[in-house]
Amino acid sequence: MVRNIFAEEATSHYIRSSQMFHTTLVHSPALLLLSKTDPVGSLASNLRLKETWESMGIKVSWKCWDDSKHVSHYLKYKEEYIKTLENFWDSLNLTKKNQQEENHTEQQEVQREKLQAKL
Numbered sequence: 001m002v003r004n005i006f007a008e009e010a011t012s013h014y015i016r017s018s019q020m021f022h023t024t025l026v027h028s029p030a031l032l033l034l035s036k037t038d039p040v041g042s043l044a045s046n047l048r049l050k051e052t053w054e055s056m057g058i059k060v061s062w063k064c065w066d067d068s069k070h071v072s073h074y075l076k077y078k079e080e081y082i083k084t085l086e087n088f089w090d091s092l093n094l095t096k097k098n099q100q101e102e103n104h105t106e107q108q109e110v111q112r113e114k115l116q117a118k119l
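In UniProt numbering, the protein residues as written are 1 to 119.
For the record, the hints were derived by calculation from the structure and aren't laboratory data.
Nothing here was measured: the structure is a model prediction, and the numbers come from that model.
Where a beta carbon is used, it is the ideal one built from N, C-alpha and C, also for glycine.
Watch out, some of these pointers could steer you wrong.
[To be verified] Here are the computed distance ranges between Cβ atoms for each label pair:
# : residue 1 : residue 2 : range
1 : ILE82     : GLU113    : 14 to 22 Å
2 : LYS69     : ASN93     : 52 to 60 Å
3 : LEU47     : PHE88     : 26 to 34 Å
4 : GLN116    : TYR14     : 54 to 62 Å
5 : LYS69     : SER12     : 44 to 52 Å
6 : GLU8      : ALA44     : 24 to 32 Å
7 : PRO29     : GLN116    : 34 to 42 Å
[To be verified] When the alpha-carbon atoms are kept at most 16 Å apart in a straight line, the in silico EDC-like pairs for lysine to aspartate or glutamate are as follows:
#  : residue 1 : residue 2
8  : LYS59     : GLU106
9  : LYS36     : GLU54
10 : LYS50     : ASP67
Please construct the entire structure, taking both the sequences and the accompanying hints into account.
Structure representation (structure tokens):
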């Protein structure tokens with residue numbers, strides 16, 4: 001009986017967290033890394049997630065290997081995994097944004113120095 005109470009409670013938390021994950025409030029680009037043979041995160045469930053997020057306007061990048069184990073893609077496909085991450089990061093234009101922020105910060109510093117020189 002006690003086991004059933006805890007099982008029901010744990011299940012309700014799992015269901016709620018899964019719902020929150022699938023209907024995320026964060027609409028940042030996402031990268032899904034998966035395998036066709038993963039029994040934990042099946043191809044079908046990941047496709048549904050991808051479609052759900054895309055219908056919400058989220059940009060979803062996708063890499064699906066044929067036969068790597070759950071959360072072990074890096075171990076089997078190291079170079080391809082790293083390249084996939086690099087391509088995803090490049091698609092976000094983070095370097096460009098960071099460079100713009102650095103330039104803006106440098107310009108602010110120059111202006112600050114000019115003001116201090118006048119004082």
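Does the alpha-carbon distance linking LYS36 and GLU54 stay inside the 16 Å limit?
Between LYS36 and GLU54 the Cα gap is close to 20 Å, so the pair fails against 16 Å, i.e. violated.
LYS69 paired with ASN93, Cβ distance criterion 52 to 60 Å:
For ASN93 against LYS69, whose Cβ atoms are near 33 Å apart, the range 52 to 60 Å is violated.
If I claimed the Cβ atoms of PRO29 and GLN116 lie 34 to 42 Å apart, would that claim hold in this structure?
Check passed, 41 Å falls within 34 to 42 Å.
Sort out whether ASP67 lies within 16 Å of LYS50, counting only the CA atoms.
violated (20 Å)
Could you say whether the range 26 to 34 Å given as a hint is met by the Cβ separation of LEU47 and PHE88?
Once the Cβ atoms are compared, 18 Å apart, the range 26 to 34 Å for PHE88 and LEU47 is violated.
Given a hinted range of 44 to 52 Å, is it respected by the beta-carbon distance of LYS69 and SER12?
violated (29 Å)
Just tell me: holds or violated, for the beta carbon distance of GLU8 and ALA44 against 24 to 32 Å?
Roughly 26 Å apart at Cβ, these two residues keep to the hinted range, so it holds.
Return holds or violated for the Cβ distance of GLN116 and TYR14 against the range 54 to 62 Å.
holds (58 Å)
Can you let me know if the beta-carbon spacing of ILE82 and GLU113 is within 14 to 22 Å?
Given a distance of about 41 Å, which is not inside 14 to 22 Å, the answer is violated.
Holds or violated: LYS59 with GLU106, Cα cutoff 16 Å?
violated (32 Å)
The structure fails hints 1, 2, 3, 5, 8, 9, 10 (numbered hints given earlier, in ascending order).
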